[in-house]
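K.L.:
Starting from the known structure of chain A, fit chain B onto it as the hints suggest.
Protein chains: 2
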Amino acid sequence: MKQLLGNAVVGQSGGPTAAINATLAGVVRGVLEDNGKNIAKLYGMKNGIEGLLREDLIDLSAFFGTSVEKLRLLEQTPAAALGSCRMKLPKPQEDRAFYDRLIAIFKKYDIRYFFYIGGNDSMDTVAKLTAYLETSDYEMRAIGIPKTIDNDLLGTDHTPGYGSAAKYIAVTMQEILRDCAVYRIPAVTIVELMGRDAGWLTAASAVGRVAGGLEPDYVYLPECVFDLDQFLADVKAALARHPNVVIAVSEGVRFASGRYVGEGSQSGATDKFGHAYLAGVGKVLEYAVRDSIGCKVRSLELSLPQRCAAHLASDTDLTESAGVGKAAVSAACSGVSGEVMALCRGEGDYAVTYQHHPASSIANGVRKLNAEFCAPEGNQVTDAFCQWLLPLIQGERELIFQNGLPVHLTF
Amino acid sequence: MKQLLGNAVVGQSGGPTAAINATLAGVVRGVLEDNGKNIAKLYGMKNGIEGLLREDLIDLSAFFGTSVEKLRLLEQTPAAALGSCRMKLPKPQEDRAFYDRLIAIFKKYDIRYFFYIGGNDSMDTVAKLTAYLETSDYEMRAIGIPKTIDNDLLGTDHTPGYGSAAKYIAVTMQEILRDCAVYRIPAVTIVELMGRDAGWLTAASAVGRVAGGLEPDYVYLPECVFDLDQFLADVKAALARHPNVVIAVSEGVRFASGRYVGEGSQSGATDKFGHAYLAGVGKVLEYAVRDSIGCKVRSLELSLPQRCAAHLASDTDLTESAGVGKAAVSAACSGVSGEVMALCRGEGDYAVTYQHHPASSIANGVRKLNAEFCAPEGNQVTDAFCQWLLPLIQGERELIFQNGLPVHLTF
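Protein chains in written order, with our numbering: chain A, 86 to 496; chain B, 86 to 496.
For reference, chain A alone in the conformation it holds in the complex:
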């Protein structure tokens, strides 16, 4: 492989996670380890491709120097420290001027290595950039590094960021289950979890089953058709067993018709301006239980903390997220381009290796929960899922606190 000397640029894109900065730290570590053999300097793009187009770049090599302390702080900082964007690139054949502009910027800063940390749209960016580069005489290597709490990317055993979100959900669900257990009055608590297209996050609420903890009575996933009568029958059956019923439900569950349960039209409610209330599935089911069963019922959403609760990140996830960032640099330096990094789980005791696949084969697919992870009744996950998940939520990082708050790094 021909050696390629020059600078590198790294960006973050899409929704934040608790581990996306660990991957950034991994890229920094990878460049440090290269020690100038291939990569002279590492730039960071502010707000992803959008910042690159504005030439809003940070000299990360200068910022970090050889300070491990700053990297450690970066790893415990939630959300994209470089800022993010949601920008879908045009097709190369449709807007060559756009790519010519990008290439001009790469040339200006002598950028020969492009690392993009993100979800599906970011992998699409890498695929399109790669397709363009193949028609250009500018030599650059582009690598996508996956991140998403949703775990819905193809080609990887799990996505960096998922383990931390799953750990947050698993721990918080244990605490909610304890909270719900204190009274003897029949009550139903419905916990709405993220995951529009796949049930990976919602499923994580059940892992207590194999971890010596508690678990919700039922878990409703987008992979299984939602039936309101069956749901109400499930709740009644649970209330017959014990007074405190806890339900986990994905925001993405749908009726057989394909309509989302959480669509505002379900409740028929409009406000005084005529807006349909987007009630959310939790609220819709709360009202259904109140109407049909009449017991005490409440719903809650875990909301944003699912993707940004860095204070409870999984050490396994942070370690792998950093590892895959570092592996991306190593792969690029050895000649790989146009590929997306992946975590591959081996047989036997849990361990991952870092691999890569063509970006074009990964982008734009959605990975659903494996069929054997959903209980046939459509209202629970299987033990096989819980065992699959368990290694991903292991380990707690000792955080640096100051004045009672975790320290976050900013550029």
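Any given hint might turn out to be false.
Since the list can't tell identical chains apart, any single copy or any two copies may satisfy a pair.
To be verified - Keeping only pairs whose Cα atoms sit at most 30 Å apart, straight-line, the calculated DSSO-like set for lysine-lysine is:
1) 192 to 126
2) 381 to 173
3) 176 to 381
4) 87 to 122
5) 122 to 192
6) 155 to 122
7) 173 to 192
No lab work stands behind these hints, which were simulated from the structure alone.
P.N.:
This is chain B only, laid out in the frame that chain A set:
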């Protein structure tokens, strides 16, 4: 003071907190330290007074023995490990039969010490029981030990449980602020926090200001009249300063008329069954911003984790919560009865002492945020509040995890 030999009983009541079990552990430690001089055996009532009436008692002396390990696990367990209830006792003069039944149970188990950990209703229980005991020839000492995340009890610098809830809110708000900062598109995020009558919890969201962190643009408290036009003007002013606007609002904010902003009638929405939608203040303000400003806006509630996120408890709070439980035992053994424990903050460097006041003077009042803690504009807290709060959120306990989840103790 005449020595009183016999057994003791302890109960938990009202809503859970992350620290109520630390207080229970403190009572156990206090009894261990007494070493049988006054208290032979400690019982725990399941589900508070309700369980006592059913004689649903646990021999806590036997359960814990001298194991410090079990006490440590109890201290990191959220929600009331003994179970809770919401039972308002009758007035002694109106239902002497009820109290005769209680006394018969105390006699049966030779209970001479009564410790009740709870909020306002629990302090009311202690006050009423004390009033009855004064008219009875049964000798027993009753002590109330406060707990509430709301910090709205009179007679104490702060309540056990508040510091942990405040720390959870403060840390989570830092994470949400980081999350909101990643995009450059103008967006408003409204975070609804607990506190129906007092703004202590909502105010905690601003502590980052004096702790080296971030803070929300505005903080709306129940102590200040809420004006929708002023709120919209505030949001517009913030959007003129930066794209990512974050608002903290208490569930208990009210208009000048006294009506809650979060009342369903505000939105005029009803569902297809004619129910008024209890939208919550966050949703109401989200719709107001959407209608009047039209930018991207979302609302979220931190919900139950505010009171049960033991994984992020304040070490200061846990230490004080245990300390006040132990001090209650010591006070009772030295003859105190009919009193409620309190935390008293000294001058100078932060330190608390454990004191007690007559239960009758504490119960049923609501302590609002001090006037000097609310900014005159009615949309922020002052630095004085942040400095007052800061010591209460200090310290993180090293938790015992197993299989990736914190270990919780159950009876």
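K.L.:
It remains to establish, for every hint, whether it holds in the given structure.
P.N.:
Outcome of the hint check:
1. 192 to 126: Classified as within: same-chain Cα gap 14 Å, cross-chain 80 Å, threshold 30 Å.
2. 381 to 173: between (45 Å within a copy, 19 Å between copies)
3. 176 to 381: between (53 Å within a copy, 28 Å between copies)
4. 87 to 122: within (13 Å within a copy, 84 Å between copies)
5. 122 to 192: This pair counts as within: shortest intra-copy Cα distance 19 Å, inter-copy 84 Å.
6. 155 to 122: Cα proximity of residue 155 and residue 122: one copy only (23 Å, versus 55 Å across).
7. 173 to 192: Within one copy only: 22 Å inside a chain, 75 Å across chains, cut-off 30 Å.
Violation of the numbered hints given earlier is absent; every hint is satisfied by the structure.
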